[in-house]
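Novice: Listed below are the residues making up each chain.
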Amino acid sequence: MMDWPAVALSVRLAAIVSAILLLVALPMAHWLTFARRRWTFLVEAVVALPLVLPPTVLGFYVLLAIGSRSPIGRLWTAWTGHGLAFTFEALVLASILYSLPFAVQPISAAFARIDRSLLEASATLGASPWRTFVRITLPLSIDGIVAGAVLSFAHTLGEFGVVLMVGGNLPGVTRTISIAIYDQVQGLQYGAANETALALLAFSFLVLALVYALMRKPWSVAPL
Amino acid sequence: MTAANGAVLSATVRRRVSPEFTLDVSFQAPAGFTIVFGESGSGKSTLLRMVAGLATPDAGLVTVGARTLFNSVAGTNAPPADRRIGYVFQGLALFPHLSIAGNLEYGLAHLAPAERVARTRAIAESFRIAHVLARRPDAISGGERQRAALARSLVTDPAVLLLDEPLTALDHASASRIIDDLRVWNTSHRIPILYVTHAHREVFALGERVIVLERGRLVASGTPYEVLEYPSSEPLAQIAGFENVFSAVIVERRPDAGTMLCRLASGDSDGHGARPADDIHIEAPLARGEVGTHVRLAIRAGDVLVANDQPRGLSARNILTGRIASLTREGPTVHAAVDAGVRFSVDLTPGARDALRLAPGDPVWLIVKTHSFRIVS
Chain A
56 MMDWPAVALS VRLAAIVSAI LLLVALPMAH WLTFARRRWT FLVEAVVALP
106 LVLPPTVLGF YVLLAIGSRS PIGRLWTAWT GHGLAFTFEA LVLASILYSL
156 PFAVQPISAA FARIDRSLLE ASATLGASPW RTFVRITLPL SIDGIVAGAV
206 LSFAHTLGEF GVVLMVGGNL PGVTRTISIA IYDQVQGLQY GAANETALAL
256 LAFSFLVLAL VYALMRKPWS VAPL
Chain B
27 MTAANGAVLS ATVRRRVSPE FTLDVSFQAP AGFTIVFGES GSGKSTLLRM
77 VAGLATPDAG LVTVGARTLF NSVAGTNAPP ADRRIGYVFQ GLALFPHLSI
127 AGNLEYGLAH LAPAERVART RAIAESFRIA HVLARRPDAI SGGERQRAAL
177 ARSLVTDPAV LLLDEPLTAL DHASASRIID DLRVWNTSHR IPILYVTHAH
227 REVFALGERV IVLERGRLVA SGTPYEVLEY PSSEPLAQIA GFENVFSAVI
277 VERRPDAGTM LCRLASGDSD GHGARPADDI HIEAPLARGE VGTHVRLAIR
327 AGDVLVANDQ PRGLSARNIL TGRIASLTRE GPTVHAAVDA GVRFSVDLTP
377 GARDALRLAP GDPVWLIVKT HSFRIVS
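For the protein sequence lines, the chains are A and B, in the order given. Under this note's numbering, think of the first position of the first sequence as 56, with each following residue one higher. Under this note's numbering, think of the first position of the second sequence as 27, with each following residue one higher.
Treat the hints as calculated values from the structure; they're not laboratory data. Just to be clear, a hint being listed does not mean it is correct.
[As the list claims (entries may be wrong)] Derived CB-CB ranges, DEER-like:
#  : chain 1 : residue 1 : chain 2 : residue 2 : range
1  : B       : A92       : A       : P194      : 33 to 43 Å
2  : B       : R154      : A       : V107      : 49 to 59 Å
3  : A       : A264      : B       : T102      : 28 to 38 Å
4  : B       : D380      : A       : I169      : 55 to 65 Å
5  : A       : W185      : B       : G117      : 21 to 31 Å
6  : B       : T319      : A       : I169      : 54 to 64 Å
7  : B       : P122      : A       : A264      : 22 to 32 Å
8  : B       : G117      : A       : F143      : 46 to 56 Å
9  : B       : N97       : A       : I127      : 40 to 50 Å
10 : B       : P122      : A       : V98       : 25 to 35 Å
11 : B       : G357      : A       : A264      : 25 to 35 Å
12 : B       : L137      : A       : R91       : 30 to 40 Å
[To be verified] Computed list of chain B residues with no C-beta within reach of chain A, every gap over 10 Å:
#  : residue
13 : A85
14 : R147
15 : S259
16 : E269
17 : G328
18 : T359
19 : D380
Treat the numbers as computed from the prediction; the structure is a model and nothing was measured. We put the beta carbon where it would ideally sit given N, CA and C, even for glycine.
Construct the entire structure; sequences and hints are all you get.
Specialist: Here it is in structure tokens:
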């Protein structure tokens, strides 16, 4: 049967991650698109790394970075009284890194499509950079922002390798849908695995269909 | 209105745009229209962008009245938002997601809502777009879009207005109506208006003053008459409507008469010719240069006379024989191409063509006064 706690955990994780990612990706995409420095390409490459790295590699380094002997891990332990590895917070942190390109790239592409003279017109009409961002840049790139949020939500929902590396498989804490499916298959419960897998498949399809329907511009923002 | 209105714009700017192109210009613009004229790529838009603060000069000084907008020595560089400079972009740059009212009100965020609405109304009425205030830019006509862009930049009461070829997409009649409205607006506001164009009819239509840019340099300035009637260079002659430009060599100087005799150089123009161009001698106004110096002679198509019989007893010093290659009518003008060793463009009226019964292939005589020729560098 369906592992409902795993579903709830996955949805909670994806919602938190995509919300934080929006806050991180908007300024990052803005910087990447408009403040082009000579070394901007290095940042672009780092942001895109999760697209090509095996999740286990990313998960491995996150695990090292948050381990009890790392500075981050020690700080976290001093602050909360328990370790960071194999917790829900560790999943959030790892998922933010893992889904970063899925939020940054569509937003950055949407920013780049804005006619620069609109931003310049806004400035000559007395608008501060912040007002230009809120009144012109944001509304004109709303499709890319929605795409970034939805894609990072969907991508986080379905991740497996990173979760397994940094979260393990603790029911109600770090057991997400994909881990539950893996468990069910290991236990030869193919019926239950199919039920969960089908639910994830249908949900992912619905989300993507919704994004592309909203944008109505075929492949204007490819998932990658 | 405010103290800054009526203030003179003064700019001295230098910027290396690319290894081959450096813009280096100094000019002043008092209240009224100043045409910035030049071919595309001459640096007109870059100049406007530096005045508006959208591009930064490598060195220079930009002031409006007592306000310093840019000073490379003192390190002053006011951001565009603080310059009070209205800018109408070539593509207009109306915000597509806002209504026309939203576009007009955009620059009035600092005002109380009632005042904002009142000002928007007033400017919309004086630019005749009050009926489209509720619509988006993509739902109105091209002329209305131009008016909206103009009104948006003026409603903020700028100290200077910059117009980057705003009317090129419009037909002549719509463009002149908008220019008239702008003129009316400026009689009560009196601010410097820089108007970029490469269409020479607009220079005469608007012109109080014109400055001419060529490859990043200011090559001429003055009234349209001064600048375009005596063009100082060949590109300027071409944009100023001197359709005929010929290569020639000085063969004899006649300082007493104030003239010189030139021989047209062969292989010139487009190479048409019943006989070698070397035989054609032209008397032109005396210019600097020794015998043997190469010069360029320019003449307007409208300053060449045509006769269908050998003219006698004329004061004109240049009478050439030729043959009509083609006749084409364009509105009230007939353009004739005449082979006279070199190809001359000649403009005449349809009435003159009919009276002389001119047809392609006919032999004709071309008559040109000495002082209709301009020597251009």
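Novice: Checked against the structure, which of the hints given earlier come out wrong?
Specialist: 3, 11
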